[in-house]
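Fit chain B to the given chain A structure using the hints.
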Amino acid sequence: MIENLLWTVVGTSVASVLALIPALHIYNVAGVILLLSTAGRIPLPPERMAFLFLGMVTGYAMVNTIPSIFLSAPDESTVFVVLPGQSYALQRRGYEAVVLTGLGGLGGLAALVALTPVASRLFPTLRAIIQPHLPWILSTVIAYMLLSEWPKGAERAPAGWQRWWEGWSSLTAGLATFLLSGLLGFVLMYRSPLPLQVGYQNLLPAFVGLFAVPWVITNLLGQVEMPPQHIARDVDAPWSILLQGTLAGTAGGLFAAFFPVVTGGIGGLLAGQATAQRDSRTFLVAQGAAKMTYYVGGFLFFFVPGLHITRGGMAWMVSTQYAAYTPEQYIQAAGGALVGGVLAFLFSLGLTRVVIALLARISYRIISWATLAILLIVVGSLTGLVGLGICAVATGIGMLPVLWGARRMNAMGVLLLPIALNMAGAGDAVARVLGLLH
Amino acid sequence: MVTQAPKSHHSISNEPLPPPVPNASCCGSCGRFVGPYDRCPYCGATTRGRLSVRWVKGAALLLATLGLIALWLLARRTEIPTLSAGEATGTMNLAYVRLDGHVVRNINYDPGNGYLGFWLNDGTGEVYVSMYRDVTVTLLSQNSVPAIGDRVSVAGTLRIREGMVSMTVNVPEHLILDRGTALQLNTGDITLLDEGLRVQVAGEVQQVTEPYSGLTLIKVADESGEITIAIDEVVTALTGPLPEIAVGQVISVEGAVSLYRTTPQVLPGSVTDIVTLPALPEPGPVHLNALSELSPEDERTQVRARARVVLLEGLPGGVKATLDDGTAQVMLLLWDRIHQALSNPPALDVGAEVEVTGEVKLYRGELEIIPARADDVIVIVPAEPVPWVQIADLSTADAGRIVRLRGLLGEPYGFSSGVKAPLNDGSGRITLLFWSNLYTQFSPQPQTGQEVEVTGMVGAFRGNLELIPRSRYDWYVRPRDD
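If you read the protein sequences in the order shown, they are chains A and B.
Count the first sequence with the numbering used here and you get residues 1 to 438, in order.
Count the second sequence with the numbering used here and you get residues 1001 to 1482, in order.
No lab work stands behind these hints: they were computed from the structure.
It is possible that part of the hints are untrue.
Claimed, not checked - One-sided and incomplete, this derived list gives chain B residues near chain A with beta-carbon spacing under 7 angstroms:
hint, residue
1, 1063
2, 1068
3, 1072
4, 1076
5, 1086
6, 1089
7, 1162
8, 1449
Unchecked claim - A short list of chain A residues far from chain B (calculated; beta carbon distances all over 12 angstroms):
hint, residue
9, 17
10, 180
11, 305
Stated by the list, open to error - Partial pick of chain A residues on the chain B-facing surface, computed with a CB cut under 7 angstroms:
hint, residue
12, 35
13, 187
14, 197
15, 308
16, 319
17, 357
18, 360
19, 361
20, 393
21, 397
22, 435
23, 437
Idealized CB from N, CA, C, for every residue including glycine.
Just chain B, with the same shape it has in the complex:
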């Protein structure tokens, strides 16, 4: 196949070639190929019929400059899209997105190369967020390196590898930290249910140990009990050496509650969160507030309010109740761990009267009260059972109404954010929509042929009726022999 040209009888190089085909792409003077040029680069002759090239040149310049300016202006007005971990799919790989959530688990930090990483949980899943030296150095200088329990809003390049979602932060400004106010608690009040909560405890140091290099444990006790403060080497690498702490000293520590096996402990995010005190502080009183008194200025303060629940909706990781005390309406946000720890969760529904204590937060312009523990929510008057209805009685005008249905479940099928299944009660059919985070909590899980009782909010999607359960308590499967 491969031959040297001079030896080959069949080589194309030995064959006489025809003259170049004359056409509009060749120079009329020397006949050589000039393509789109309006002046022959070989002989300098002006080629005819090339007027259109000037138009193309003009159009190209306009597109390249004005078009780019228009695109740049459009980009400046484009908001970074917010995504939840559960929504991320392989086709979003390398997209620039924003995620909101809480920092969970230990922070990873390599002082050698400046690499910093942490896990972010937004209620629908976990994302590993990482950054390199430039970003880490800036965050350190601004004292805004996240710690466990912090609420973080972060934007960066999404990376999906083998189904694992991670994000690389390229710009320090795109990490917004909300550490919030720590709840003042006695050491003995902290339980398993407080995991992730930011607390402040004060007490006398009972013991300082170093079970292995890189971990310091300080046991602190007050009148109510004792708790361990754990300081990881990453914290000291990021924020400086630990202050001198001796047994018998009184200290105040702020940090997130974490679990070592089943024992709660407090993890400070910075060594500056450990302060030595002359004596134990007295807890301050909390008074009852009217909802109309609350304003954005109250953010991060503790309030107590009594009100009626006028709406209960589901959201990823919990439920949201609208409280109305006759003076104003404010949201009550109950994360799953709080909601499920209530003595009777279904009693907190539309019509219930509650007294709640919690921290005020502003989320997308709306005030929210966020209780830290189940004890902070007292149901004074339980909600009446949601009325039974028949599917045939529902129409799109009922969207937003809370109803209870019973019927036979059809075959569940997945969609991008959860699972849908038809429900037939003999009078008609409706689609049940389970968001993925809620679907996994159901026991038993939805299956074809189940006789179910389901409560939820009526929705309308493209003219079709849907019923959207809000929590695991909205779902009941009747036993076969029931």
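Looking at chain A on its own, in the form it has when it is part of the complex:
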């Protein structure tokens, strides 16, 4: 038990530092560890690996707020933190935004731990009820995501087609993003040109291209200069905001963690709109809770006795080597996540100061270029030239919502469209029309 806890702490510590590297997803780091372990290069027993990964995902879920706020290179699940978070940073309040998001994360963790005594009975029952209804639930989520976009525009264009296009260009871009990313998903799932040996990273180039690279390019285009930051001694948030944000975020994060394909960003959107979030503080707290419950909760489902569902990239990787069966393992995992989460929160306070100090010395543009280089190196080294090509195409698609003001979440069509159609029994027909079944 102590050894498992130690591995969790090691994972948390390592991930807390690595999470500062903009756009480097911890799943990629875990992928490299799995690769080395499978090849026998690092002797890591499966159970130790599971707890190391638990610590890593916990540390990452907490600390990746820092680059998403200060460096604006988020992964898909932080898509909604960026606007209020960046807005806080531009008002010199980035540190406060990190703390608010971190408090939400701690709230989410507390909710996960509180669920431990009932999880082994609650979630298998819930799963049995929901399983037959997944296709229509997923279709509803997609429909809601697309229909909840609204025409935008400054109403400055001349009346007529130009005015219409000004309003509807963002909607069109959103739909085009969803459709194109969905087609990309079909190609990658049915006939991926990537080498067989990196099958577990099949979607890595697409995700980096759809979500991470467009943000870096936006930063370079926007030429953002980060103002000096203020280290606040307290945060401007009453308990009611913390509670409301935590509840909304936990609901959204758990929804995303439990349902296949639905990610933290989508869960956050649904929960935010369901609870009528308007306050940016509630928003930040909710996103912290949603991120934590989505990443860590999804991974903890892997340990719940009698449930055995695999949600999230980390659980998929661990499942190749290890499976948890006993309540003791689940309790150890929940305890490890709690310890790791608190540790990561404390780390995040210190690391935010470090990042602020670095930002005062290093140009934001240099960081953006370095981020782009890191992204391309990660994609290139893991998936080769073909992966870089896929990343380039995905970047083109991922830039559409950024440039035309639609939700970046539409790019989740890469997973949602093929899987929803598969669940509805129509995936084969589409793949056949695309000529991917020969």
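Only chain B this time, still in chain A's reference frame:
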């Protein structure tokens, strides 16, 4: 730490904030943050210095459309990679791959949810293949649900969990079934060595029993002996109810040979494989063929040929000999169970003259003769012993040659598909390469310091010489006091 804003003296919200930092990302007219937009969404002013955004928009559109079309065209031309069970590793999890092998063990089927699963063995390991209702329904309608003994080529999503390899089939077209022609055998001729073989037997029903609900056993006898036909409830659930069968009836049954403990029995894949007959059929004669007479049209027919072995290679699960009768060359495929059941397996090597009976198959454009039993392979003239050579005499020009070496074995080490070990005979060093399926058959297993005699095919990998044993008979460890 947490306070309400109005009460806090230190709250950042009470501090005067500096005006937004003017830079290129802010609107020149109203000063608000506009990011990459070329028109301010707040005041509508056109932002300066945003010309590059138009280029980026154009590039994004081109990448998103033309790039996706190019990727789609590339994907259409990409073949699904073929994998063996032994090669699957954790990093291939979720890859879309093809596996070829034989169905072994019982089929699992749940009529309630349409779930269908079976075990596939490709000679290097076993993979559990499963599919859900949509695929199962299509396969049922096409009468192409696999049964034990069938050769299956199947593509799907690989899943590796705790080291166990499984595959989910998402597309019915990606399961290709090759049931092959059943060998007509007398019931008494079927032995333990025929496990997995598809046979056809005919005889009189002696007994029909149901030891427990869901299993029907029919004992069938002919002049040579008797055998049990086992029909599992999965077969009836998939293919329909059993026909009326009474004691004394003559029936013909087609199915795969399976073992119940040590007794062979026949497992039909469908109830339509059980046919009632008016009388027992007579077996047909088999004539001797010249190899040049064989063509792809002969696939699945039984032939008999006499020829000389000009090459013997190892492959996962058996050996492959190249037969030459002076008119043409055809492959002879011997699975391990057949090869090991020969009266003198080492006699079947380069130079041997053999007479073989077997089924013709076409595999990757090459004709193969596949004997069903050891008795179908008669070694008329045994092979001469493979010549001894010294390692120093070998060069990369000898690649493909079959040689015999003796020497001292160095430390074995694993690689992705097997084990390698250095061999030193005093004149030089060469790497011995054991494929994993073969390595496990060696007795005793390779260890450092063994004095060994090893036969195999010379290979060259990145300029280094390798010797690749082809079967367990290519490996001999000399006792210490030898």
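Subject >> Violated hints, by number in ascending order, as checked against the structure >> reply: Numbers 5, 8, 10, 15, 17, 18 and 19 - these are the hints that the structure violates, sorted from lowest upward.
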